[in-house]
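Engineer: Use these hints to put chain B onto chain A, whose structure you have.
If you read the sequences in order, they're chains A and B.
The C-terminal position of the first sequence is numbered 492 in the working numbering, with every residue numbered one higher than the one before it.
The C-terminal position of the second sequence is numbered 262 in the working numbering, with every residue numbered one higher than the one before it.
Since the hints were derived computationally from the structure, they do not count as laboratory data.
Bear in mind that the values here come from a model prediction, so they are computed numbers and not experimental data.
Honestly, I wouldn't trust all of these hints.
[Claimed, not checked] Examples of chain A residues toward chain B, derived with CB under 7 Å:
(1) 392
(2) 393
(3) 398
(4) 399
(5) 405
(6) 408
(7) 411
(8) 412
(9) 414
(10) 465
(11) 489
(12) 490
[What the hints assert, rightly or not] When the alpha-carbon atoms are kept at most 30 Å apart in a straight line, the in silico BS3-like pairs for lysine-lysine are as follows:
(13) 173(B) x 199(B)
(14) 292(A) x 356(A)
(15) 430(A) x 356(A)
(16) 137(B) x 199(B)
(17) 173(B) x 137(B)
(18) 388(A) x 137(B)
(19) 388(A) x 199(B)
(20) 134(A) x 137(B)
(21) 239(A) x 70(A)
[As the list claims (entries may be wrong)] Restraint-style ranges between C-beta atoms, simulated for each label pair:
(22) 482(A) x 173(B): 33 to 43 Å
(23) 236(B) x 320(A): 38 to 48 Å
(24) 187(B) x 389(A): 12 to 22 Å
(25) 325(A) x 220(B): 48 to 58 Å
(26) 381(A) x 24(B): 53 to 63 Å
(27) 336(A) x 173(B): 45 to 55 Å
(28) 173(B) x 355(A): 48 to 58 Å
(29) 406(A) x 223(B): 33 to 43 Å
(30) 147(B) x 389(A): 58 to 68 Å
(31) 200(B) x 389(A): 56 to 66 Å
(32) 291(A) x 87(B): 50 to 60 Å
(33) 427(A) x 87(B): 58 to 68 Å
(34) 325(A) x 147(B): 48 to 58 Å
Glycine included, every Cβ here is placed at the ideal spot set by N, Cα and C.
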Amino acid sequence: MRHVLRGVVLFLLLALTLPATAGPASGQDSGRPVVRVGTEGTYPPFSFHDPRTQELTGYDIEVVEAIAEKAGWRLEFVETQWDAVFPALDAGRVDLIANQVSVNDERQARYGMSDTYTYSRGVVVRRTGDESIKSLADIRGRTTAQSSTSNWAGVARDAGARVEAVEGFAQAAALLAQGRVDAIVNDNIAVLDYLASTGSTEVEIAGDAGQETSEQALAFREGDQALREQANRAISALKADGTLREISQRYFQADVSVPGGGDADLSGGRGQRGTWEVVGATAWPMFVGLVKVTIPLTALSFAIGLTLALFVALARISNHRVLSGLARAFISLIRGTPLLLQLFIVFYGLPQLGLKFSPFAAALIAFSLNVAGYAAEVVRSAILSVPKGQFEAAAAIGLDYPLTLRRIVLPQAARTAVPPLSNTLISLLKDTSLGSVVLLTELFRESQLAAAESNEFLALYAFAGLYYWIICVGLSAAQKRLETRLSRYVTS
Amino acid sequence: MTDTTEHPAAPRIEVRGLEKAFGDTPVLRGVDFETPRGTSTVLLGPSGSGKTTVLRSLNALETPDSGIIRIDDVEVDFARLPAGRAGRREGVRLRAQSGMVFQSHNLFPHRTVLGNVIEGPVIAQGRPREEAVADAKALLDQVGLADRADAYPAQLSGGQQQRVGIARALALKPRVVLFDEPTSALDPELVGEVLAVIKDLAATGWTMVVVTHEIRFAEQVADQVLFLDGGVIVERGSSAQVIGDPREERTRRFLTRVLGPG
Chain A
1 MRHVLRGVVL
11 FLLLALTLPA
21 TAGPASGQDS
31 GRPVVRVGTE
41 GTYPPFSFHD
51 PRTQELTGYD
61 IEVVEAIAEK
71 AGWRLEFVET
81 QWDAVFPALD
91 AGRVDLIANQ
101 VSVNDERQAR
111 YGMSDTYTYS
121 RGVVVRRTGD
131 ESIKSLADIR
141 GRTTAQSSTS
151 NWAGVARDAG
161 ARVEAVEGFA
171 QAAALLAQGR
181 VDAIVNDNIA
191 VLDYLASTGS
201 TEVEIAGDAG
211 QETSEQALAF
221 REGDQALREQ
231 ANRAISALKA
241 DGTLREISQR
251 YFQADVSVPG
261 GGDADLSGGR
271 GQRGTWEVVG
281 ATAWPMFVGL
291 VKVTIPLTAL
301 SFAIGLTLAL
311 FVALARISNH
321 RVLSGLARAF
331 ISLIRGTPLL
341 LQLFIVFYGL
351 PQLGLKFSPF
361 AAALIAFSLN
371 VAGYAAEVVR
381 SAILSVPKGQ
391 FEAAAAIGLD
401 YPLTLRRIVL
411 PQAARTAVPP
421 LSNTLISLLK
431 DTSLGSVVLL
441 TELFRESQLA
451 AAESNEFLAL
461 YAFAGLYYWI
471 ICVGLSAAQK
481 RLETRLSRYV
491 TS
Chain B
1 MTDTTEHPAA
11 PRIEVRGLEK
21 AFGDTPVLRG
31 VDFETPRGTS
41 TVLLGPSGSG
51 KTTVLRSLNA
61 LETPDSGIIR
71 IDDVEVDFAR
81 LPAGRAGRRE
91 GVRLRAQSGM
101 VFQSHNLFPH
111 RTVLGNVIEG
121 PVIAQGRPRE
131 EAVADAKALL
141 DQVGLADRAD
151 AYPAQLSGGQ
161 QQRVGIARAL
171 ALKPRVVLFD
181 EPTSALDPEL
191 VGEVLAVIKD
201 LAATGWTMVV
211 VTHEIRFAEQ
221 VADQVLFLDG
231 GVIVERGSSA
241 QVIGDPREER
251 TRRFLTRVLG
261 PG
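The shape of chain A in the complex, shown without the other chains (with noise of 0.2 Å):
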């Protein structure tokens, strides 16, 4: 027990300096500012991670680091899905987002917006051959798949269409693929680009959406104007010295950094890839987020929560009204709430009370609070299976109450507990996936990655499971060995 509680302590201590050394680092060039910059990393060409390297690249990486070179800037990337790029902003988790956003009235309002780097057009994407669907008119009453915040979902709803919301471009052309959705309206040369990497010939351009072309700028908060105005310089110097027809030139055959710089072409592009290819290459970028993350964030999480869930216990039982009332509330707060919900309180909700975590550490609150809750009710009803006589027999032989509980009864306890704890920290296990969506690259996020990059979403997605299935098969194992470690008093 004693190595138990000194385990905890290492662990509550290393948690207190991660925020701290996940945070900018501050080395030789400290005279560069750091600007954070949100980005999906699953928007080819655009923002991805090159197979190859598995570094993040695209047009838009490109150009944002064209003008940090500029600016003089020092960049730091976070990669988050689409939908949560804009509160990551707003919660100053970054500084810009650089993810083809498209300019329009709602977003000049409410942030700082700099000057165009992109000139695209909207098209309509069809399954290949439905002649039902010719132009933008004929979604009305049909069903797209859209990121339910980019500027092509309110294109979309414009014309009256149901948007059904999705995390990438990637996932929505596999649902208009499988039917499950009638169209996607999006930029060109992300369809463009899609198609020409995977080679795919169950969806094809339908037509124009609409006649206007769309301009994407980079993303600021509305106070941040002295960032804003270095970043519009750079790029006037950018467009003036030819950088970025350069960088256009090179992923679109087109420079569609000036309106009507030609029409984007794409088919000698990334090229395609072999499932297995896809596969072999992204294992090894799994397998690191499943060593670094994963299986970190699930044993900090389940230490420090089963530490957390026998306080909570020893109150519930308690004597003491309020203590075992406020344990009562905590359990049924973190019973009664859906896990992601808690995560994105901590994330997102607590940096408007100015509490900010590094992703890590806010997942781990999250995480071990939930199992908190959860194992509460478990060491609860296991210190009470076990006999009143040996709390009196405890008392007569003269131990205090916590020695009662370390020596007498949370041994015999543990023989009830394991069965149920090992439930919950196998559940944790695969909860924590959910980390995905705070910016935390672990196991499944990987696979996200390269599966948006890819489209090789079943390959991937089994791999990523044979991996999570493979770390249950062991803790199942140990589980095992473990009952029959705690039951070798007990002769039947």
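Structural biologist: Frame of chain A, contents of chain B only:
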């Protein structure tokens, strides 16, 4: 056993005016008695008479509503017991004077026989482990279980378990040993071995208070018999007197019921 009492002639246990109610039901209605050093007191009485509550009060497992209990130099006045932590500390001081043997032995199932016996001395009393182990082995020898020190309780018979329970109580080096119906949970053929151990203890000068239904055993071991009914001591005296020639009608009725007529 050394005696630290200032007045060697004073009784080891003194109980005065013990009263307790569970809710509206009174279980003790003024119990007084004394137990001289080195003697055995047996509490007899029908179930619900309050005898177990008296015994558990001596070990502070029950808190009387009022009355005084003194064991050697520790005296607790329950009517003046402070609330909260200070009151609990009083109970702990009283409890440290006695060792308790439970009806259902309450051994710690996850500890070996030796582990059960040394838990109190080493963990609660902070005595050196080697010393406690040596003492424990001597005690196990005394109760006839020297060869089972490494067994777990579940591997022992009921009688053996209860003898471990006795060794565990003695290991605390208490002033008084309390027995709460030590043979009631045992199969009849196992009762004898436990009673033999207790008789042996009485013979070697331990001060004991025993709640039991074994009348023949009480006759042999008791220096003093208290017969309780309805929360009061109805009759008291030597075993020859109370068991052999009871004066009170209630005592007689009880003995007849337990022993059978004749």
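Engineer: Each hint needs a verdict: does it hold in this structure or not?
Structural biologist: Hint-by-hint comparison with the structure:
no., hint, result
1, 392, "holds, 6 Å"
2, 393, "holds, 4 Å"
3, 398, "holds, 3 Å"
4, 399, "holds, 5 Å"
5, 405, "violated, 13 Å"
6, 408, "holds, 6 Å"
7, 411, "holds, 5 Å"
8, 412, "holds, 6 Å"
9, 414, "violated, 9 Å"
10, 465, "violated, 39 Å"
11, 489, "holds, 4 Å"
12, 490, "holds, 6 Å"
13, 173(B) x 199(B), "holds, 18 Å"
14, 292(A) x 356(A), "holds, 22 Å"
15, 430(A) x 356(A), "holds, 25 Å"
16, 137(B) x 199(B), "holds, 20 Å"
17, 173(B) x 137(B), "holds, 14 Å"
18, 388(A) x 137(B), "holds, 28 Å"
19, 388(A) x 199(B), "holds, 29 Å"
20, 134(A) x 137(B), "violated, 94 Å"
21, 239(A) x 70(A), "holds, 12 Å"
22, 482(A) x 173(B): 33 to 43 Å, "holds, 38 Å"
23, 236(B) x 320(A): 38 to 48 Å, "holds, 43 Å"
24, 187(B) x 389(A): 12 to 22 Å, "holds, 19 Å"
25, 325(A) x 220(B): 48 to 58 Å, "holds, 55 Å"
26, 381(A) x 24(B): 53 to 63 Å, "violated, 32 Å"
27, 336(A) x 173(B): 45 to 55 Å, "holds, 53 Å"
28, 173(B) x 355(A): 48 to 58 Å, "holds, 56 Å"
29, 406(A) x 223(B): 33 to 43 Å, "holds, 41 Å"
30, 147(B) x 389(A): 58 to 68 Å, "violated, 26 Å"
31, 200(B) x 389(A): 56 to 66 Å, "violated, 25 Å"
32, 291(A) x 87(B): 50 to 60 Å, "holds, 54 Å"
33, 427(A) x 87(B): 58 to 68 Å, "violated, 44 Å"
34, 325(A) x 147(B): 48 to 58 Å, "holds, 53 Å"
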